[in-house]
Amino acid sequence: MKNKCYHQIRDHKQENALFIRRAIQAFVGILLLTCVLIANIYHLQVQDYSEYKARSNNNSIKLIPVAPNRGRIYDRNGMILADNIPVCSLEIIPDQVKNLPQVLIQLQQLLGISEQEIIAFNKAKSQVQAFKPVTLISHMNDKQVAVFSVNEFAYPGVDVDAHLERYYPYGAALTHLLGYVGKINDRDIAALKKSDKYENYEATRTIGKLGIEHYYEALLHGKTGYETVEVNSHGRVVRTVSYVPPVAGKDLKLTIDINLQLYAQKLLTLQQKDPTTGLMVTKVRRGAIVAMNPKNGAILSMVSSPSYDPNLFVHGISSKAYAALLNDPARPLINRATLGLYPPGSTVKPEVAAAGLTTGVITEHTVRNNHGWWRIPNSKSRKFRDDIVQGFANVDIYKAIEKSVNTYFYQVAYDLGIDRLSMWMTKFGYGQHSGIDIDEDSAGIMPTRAWKMARFHHPWMQGDTVPLGIGQGYWTATPIQIAKATSVVAENGVEHRPHLLKDIIDGKVQKPVTFADFKPLSSVPQKDWAIIKKGMELVVEKGTASRMFQHMPFQVAGKTGTSQVYSMKDTQHYNANEVAEHFKDHALFTGFAPANDPRILVSVILEHGGWGWNAAPIARDIMEYVLVKPTLSPQPNELVQQPSLVGHASQAAVVANSN
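Numbering (the working numbering), first residue to last: 8 to 666.
Each hint should be verified, as a subset may be incorrect.
Distance condition first, Cα-Cα at most 30 Å in a straight line; then the derived DSS-like pairs of lysine-lysine [claimed, not checked]: (1) Lys273 - Lys216; (2) Lys280 - Lys290; (3) Lys406 - Lys540.
Because the hints were derived from the structure by calculation, they are not lab data.
Can you build the whole structure from these sequences, using the hints too?
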C-alpha cells in the first residue's frame with residue numbers, strides 16, 4: 008500500500024489571530040461611536056439645553072390671539088350710532104366629526120342650511136387645517152340656535168360660537184359719514200404688514216373701510232389679547248397656561264346730532280303721486296347738505312343722498328348686491344358732501360367780492376350800469392350774459408350780491424386776473440382738501456395757468472377768467488368746501504377745520520378733541536367783511552332768496568347759486584321747462600344765522616334742482632330747527648328702514664355720561 012500525503016485544511020491558529028484583530032477593531036469602532044453619542048448627548052442635554060428646551064416649548068405651548076371689542080360711536084348727545092351686537096355662528100372642527108358628509112346632510116335638514124352655505128363650507132374646509140374650526144352658518148337665527156341646542160349632544164365637534172359684530176342702527180342715514188367695517192382682505196393684510204400692525208389684527212375679523220370707521224381705526228380697534236395654551240402633538244388644546252385680556256377700542260363721540268341728521272335726510276325726500284297708479288310714492292332727491300357750527304368747524308349734520316345700508320358690508324356683501332349699487336345711475340356709493348364736484352356757482356360771489364375789495368379792484372362806492380351782458384373790453388369776443396335779460400341799472404357791491412348780478416362779477420374777475428383770483432380763492436379753501444376727518448375728501452379744481460397747461464396743453468386766455476367770477480368755467484368744488492369758505496366769511500377771515508370728532512371716551516374718562524384754527528385772511532379789513540355780510544343779508548331780505556325767508560325770527564345771511572350743467576351759446580337762454588332733467592342746473596344755497604352772531608351754517612346742493620333759490624328752503628328749515636325749536640324728533644324706525652337682525656334685536660341706547 009502506497010504512502011499517502013495529507014494537507015491541513017484549517018489553520019486554527021491563524022483564524023484565532025484574525026478573530027482577535029477583528030474583535031479589537033469592532034471594539035474600537037463601538038468605543039468611538041459611543042464617544043460620539045456621549046458627545047452628542049452632552050451637546051443636546053448640557054451645552055445647548057436652553058435652546059432646545061425653548062424649541063420644545065414652542066411645539067407644545069401656543070399663543071392664541073384674542074380679538075378686542077371695537078369701540079362704539081355716539082352722537083354729541085350720547086345716542087349710539089355704531090354698536091356691537093352678539094351674533095351666533097355654527098362652526099365645525101372636521102377631524103372631530105365622524106362621517107362629515109353624513110353630518111352635513113343631517114344638519115342641512117335639521118337647520119335648513121342652503122346649498123350655497125354647504126359649498127362655502129367645503130371650500131373653506133379645504134383651506135385650513137383639519138383641527139381648526141370652520142364656519143358653516145355665519146349668522147344663526149333664534150330658531151336655529153334653539154333647535155341645535157336641543158340636538159347638540161348628537162353632534163360632537165359641532166359648536167355654536169358667539170361673538171360681537173358691528174351694527175349700524177340708523178342704516179343709510181349715516182353711511183357716508185360713519186363709513187362701515189368689512190371683512191379683512193388680502194389688501195388690508197398687506198397694508199397692515201407694511202405698517203407693522205398685522206399682529207394686532209390676527210384675531211380680528213373686520214376692519215374700518217370708509218368714513219369715521221376707517222379714519223379713526225387705530226382708536227376704535229383696541230389691542231389684541233393673548234391666551235397661552237398647551238397643545239398636544241395633534242395641535243389640540245390640552246390646558247390654558249395664562250391669559251392676557253384684550254384692551255377694548257376707545258369709544259368716540261361725534262359732533263353730529265342724530266335728530267338733525269335724520270331731519271336733514273327727510274328734507275331730501277319728496278312725497279309725489281305716481282301718475283300711473285295714483286299712489287303716493289317717496290322720491291329721494293340727489294344732493295348734499297352740510298350743517299356746521301361756524302365758530303369751531305364742528306359738523307352737526309352731513310347728508311349725501313341717495314345712500315345705502317352699511318350693514319350689508321359688515322359680514323360681506325354679495326356680488327349681485329354690490330353690482331346693483333355700483334351700476335345704480337343715482338350713484339349712492341359716492342359721498343356727495345365731500346367727493347361730489349360741482350361748479351360752485353354764485354355762492355362764491357361773497358369771496359370774490361372780498362378779493363376785489365381788499366385789492367382795490369372795487370370799493371364800497373363802485374357803481375356799474377349793466378345792460379344784461381358783458382364783453383371783454385376792446386374786443387369782439389362773445390357776450391357773457393346775465394340771468395336778467397334787461398340787466399340792472401346802477402349796481403354797487405351790495406346790489407351785486409343781493410341780486411346776484413353776474414355782469415358785475417365778470418368785471419371783478421377780469422380786473423383781478425387769474426393769478427390774483429386763484430390765489431385769493433385758495434385762501435378760502437378752494438382747490439384744497441377741506442381737512443375734514445374722513446379720507447374721502449376731494450380737493451376740487453381751482454384753476455390756474457399752470458393747471459390748464461398741464462391739463463389741456465393750452466395757455467390761459469382772458470375769456471377763461473371771466474366765468475370764474477360767478478363760480479363757473481373750470482372751477483369745481485365740493486359742498487364741504489363751500490361750507491368752509493362760507494364759514495371763513497362768517498368768522499371774518501378765521502378758518503376753522505371742519506371736523507366730526509368731538510370727544511374720545513377712554514373708560515370713564517371723556518377727553519375733548521381740539522382742532523387748530525388759522526387766519527388766512529387776516530389782511531381783509533373788518534369794514535370789508537361788514538360790506539359782504541350786509542350784501543348776504545340783503546339776499547334773504549329782498550334779493551334772490553327773499554321769498555324763502557319771510558317772517559324769520561332771526562336774521563340770516565346767505566347766497567344762492569345756480570350751477571350750469573352744460574354750456575350755452577351767447578344767443579341762447581336757459582329754460583328749465585324745455586330741457587331734460589339731467590340737463591337742468593344744480594341749485595345751491597349757503598348761509599349762516601344769526602347774521603350778527605352765527606351759530607349755524609348750512610350749505611345745500613340739489614342736483615338738477617333748477618334755480619338756486621330751490622335749495623334755500625332746506626337751509627331755512629335746518630336753521631329754524633336748530634335755533635328756534637326742533638319741529639321733528641325722529642326715531643330710527645320712523646325714517647330709516649331697519650335691517651333684520653339675525654337672532655337679535657338692537658335699540659339705540661343713551662350713554663349715562665351724555666352732555
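Comparing the hints with the structure gives:
no., hint, result
1, Lys273 - Lys216, "holds, 26 Å"
2, Lys280 - Lys290, "holds, 10 Å"
3, Lys406 - Lys540, "holds, 12 Å"
Of the hints listed earlier, there is not a single one the structure fails to meet.
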